[in-house]
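Put together the whole structure using the sequences plus the hints.
If you want the building blocks of each chain, they are given just below.
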Amino acid sequence: DGGITQSPKYLFRKEGQNVTLSCEQNLNHDAMYWYRQDPGQGLRLIYYSQIVNDFQKGDIAEGYSVSREKKESFPLTVTSAQKNPTAFYLCASGTYGYTFGSGTRLTVV
Amino acid sequence: ELKVEQNPLFLSMQEGKNYTIYCNYSTTSDRLYWYRQDPGKSLESLFVLLSNGAVKQEGRLMASLDTKARLSTLHITAAVHDLSATYFCAGNAGGTSYGKLTFGQGTILTVHP
Chain A
1 DGGITQSPKY
11 LFRKEGQNVT
21 LSCEQNLNHD
31 AMYWYRQDPG
41 QGLRLIYYSQ
51 IVNDFQKGDI
61 AEGYSVSREK
71 KESFPLTVTS
81 AQKNPTAFYL
91 CASGTYGYTF
101 GSGTRLTVV
Chain B
1 ELKVEQNPLF
11 LSMQEGKNYT
21 IYCNYSTTSD
31 RLYWYRQDPG
41 KSLESLFVLL
51 SNGAVKQEGR
61 LMASLDTKAR
71 LSTLHITAAV
81 HDLSATYFCA
91 GNAGGTSYGK
101 LTFGQGTILT
111 VHP
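Chains A and B, in that order, are what the protein sequence lines are.
According to my numbering, the first sequence holds residues 1 to 109 in order.
According to my numbering, the second sequence holds residues 1 to 113 in order.
Since the hints were made in silico from the structure, they are not lab data.
Please note that the accuracy of each hint is not assured.
To be verified - Partial list, computed: chain A residues near chain B (C-beta under 7 Å): (1) Pro8; (2) Pro39; (3) Gly42; (4) Leu43; (5) Tyr48; (6) Pro75; (7) Thr95; (8) Phe100; (9) Ser102.
Stated by the list, open to error - Below, in silico cross-link-like pairs of lysine-lysine (DSS-like), each with a Cα-Cα straight-line distance of 27 Å or less: (10) B:Lys68 to B:Lys56; (11) B:Lys56 to A:Lys83; (12) B:Lys17 to B:Lys56; (13) A:Lys83 to B:Lys41; (14) B:Lys41 to A:Lys14; (15) B:Lys17 to A:Lys71; (16) A:Lys57 to B:Lys100; (17) A:Lys71 to A:Lys9; (18) A:Lys57 to A:Lys14; (19) B:Lys41 to A:Lys57; (20) B:Lys3 to B:Lys41; (21) A:Lys9 to B:Lys41; (22) A:Lys71 to B:Lys100.
Claimed, not checked - What follows is a set of in silico ranges between Cβ atoms, one per label pair, in the way DEER data are often shown: (23) A:Ser73 to B:Tyr22: 31 to 41 Å; (24) B:Asn18 to A:Val109: 39 to 49 Å; (25) B:Gly16 to A:Ser73: 46 to 56 Å; (26) A:Ala81 to B:Asp38: 29 to 39 Å; (27) B:Thr28 to A:Asp59: 50 to 60 Å; (28) B:Asp82 to A:Leu11: 27 to 37 Å.
Just so it is clear, CB atoms sit at the ideal spot from N, CA and C, and this is done for glycine as well.
Written out as structure tokens, the structure is:
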């Protein structure tokens with residue numbers, strides 16, 4: 001079955017640590033996206049990629065980095081520069097409407 | 001820059017009642033999307049509205065689009081508890097931003113017995 005897989009489901013980050021969230025899709029979509037959702041809030045765009053080896057900053061890119069070396073994969077790294085990383089992270093793919101992954105809940109400990 | 005605003009942000013309904021969620025957007029949007037999110041879960045696609053006057057229905061939910069008014073509505077008929085969730089609308093500005101969706105704040109719907 002085609003879909004988009006995020007891992008891990010839960011992630012705990014210590015202060016000063018970089019962590020990487022995985023996002024893999026087998027839908028043959030060119031475009032992929034990372035959103036952040038804070039409790040009771042809407043979705044804010046972190047980064048997006050419309051094609052392999054290319055990506056653009058979204059509205060809240062500071063403290064995050066991405067790569068797009070393969071069409072299927074769009075990992076997000078939350079760096080130590082992101083001072084308030086606790087949130088629900090959603091990966092999506094598609095051009096006309098999205099398919100979302102199941103999300104990763106990141107908590108700072 | 002496309003901005004999307006929903007109202008109300010919180011909606012408490014009795015079972016069996018009807019209500020409408022409104023989604024206003026600031027500039028031309030190629031398409032208008034509605035999503036549902038259950039607590040702690042990801043987003044599930046409900047409707048894609050492609051053109052002025054488009055209407056789509058699924059069960060007790062009906063979505064419509066008025067591109068001249070830059071308004072989409074999600075109408076709930078005879079609400080049931082299972083419809084309790086957060087509903088998001090999203091627009092796509094098109095052009096070089098094709099594919100990039102801008103989301104509204106979400107409407108938290110709670111249906112009471």
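Here's how the hints hold up against the structure:
A cut of 7 Å between beta carbons decides the hint on A:Pro8: the least distance to chain B is about 14 Å, and the hint is violated. With a cut of 7 Å, the hint placing A:Pro39 at the interface with chain B is violated, because the nearest CB-to-CB distance is about 10 Å. With 7 Å as the threshold, the beta carbon of A:Gly42 comes within range of chain B, its nearest partner Cβ sitting at about 5 Å, so the hint holds. At about 5 Å, the closest approach between the beta carbon of A:Leu43 and any beta carbon in chain B falls short of 7 Å, and the interface hint on this residue holds.
This hint holds: A:Tyr48 has a C-beta 6 Å from the nearest C-beta of chain B, less than the 7 Å allowed. For the restraint placing A:Pro75 at the interface with chain B, the shortest Cβ-Cβ distance is roughly 18 Å, beyond the 7 Å limit, so the hint is violated. A least Cβ separation of about 4 Å between A:Thr95 and chain B falls short of the 7 Å threshold, and the interface hint therefore holds. At about 5 Å, the closest approach between the beta carbon of A:Phe100 and any beta carbon in chain B falls short of 7 Å, and the interface hint on this residue holds.
Annotation: A:Ser102 was flagged as interfacial toward chain B, and the flag holds, the nearest CB pair being 5 Å apart, inside 7 Å. For a cut-off of 27 Å, the pair hint linking B:Lys68 to B:Lys56 stands: about 18 Å separates their Cα positions. Distance hint between B:Lys56 and A:Lys83 is unfulfilled; the C-alpha atoms sit about 42 Å from each other, more than 27 Å. Between B:Lys17 and B:Lys56 the alpha-carbon distance is near 20 Å, which keeps this suggested pair within the 27 Å criterion.
Between A:Lys83 and B:Lys41 the CA atoms are separated by roughly 25 Å; this keeps the pair inside 27 Å, and the hint holds. For the suggested pair B:Lys41 and A:Lys14, the alpha carbons sit about 24 Å apart, so the restraint of at most 27 Å is met. For the proposed pair B:Lys17 and A:Lys71, the alpha carbon gap of about 46 Å is over 27 Å, so the pair is violated. Restraint check: the Cα-Cα separation between A:Lys57 and B:Lys100 comes to about 12 Å, which is no more than 27 Å; the hinted pair holds.
Restraint check for A:Lys71 and A:Lys9: the C-alpha separation of about 22 Å stays at or below 27 Å, so the hint holds. Restraint check for A:Lys57 and A:Lys14: satisfied, since their Cα atoms lie roughly 25 Å apart, inside the 27 Å limit. With a C-alpha separation of about 25 Å, the suggested pair B:Lys41 and A:Lys57 falls inside the 27 Å cut-off, and the hint holds. Of the supplied pair hints, the one linking B:Lys3 and B:Lys41 holds, its CA atoms being roughly 25 Å apart against a limit of 27 Å.
Proposed proximity of A:Lys9 and B:Lys41 is supported: the alpha carbons are some 11 Å apart, at most 27 Å. Taking the CA atoms of A:Lys71 and B:Lys100, the gap is near 17 Å; set against the 27 Å cutoff, the hint holds. Roughly 38 Å separates the CB atoms of A:Ser73 and B:Tyr22, a value that falls within the hinted 31 to 41 Å. Here the CB-CB span from B:Asn18 to A:Val109 is close to 46 Å, well matched to the stated 39 to 49 Å.
Range check, B:Gly16 to A:Ser73: about 47 Å between beta-carbon atoms, so the 46 to 56 Å window is met. At roughly 33 Å, the beta-carbon separation of A:Ala81 and B:Asp38 lies within the given 29 to 39 Å, and the hint holds. Taking the beta carbon of each, B:Thr28 and A:Asp59 are about 20 Å apart, not inside 50 to 60 Å as hinted. Range check, B:Asp82 to A:Leu11: about 31 Å between beta-carbon atoms, so the 27 to 37 Å window is met.
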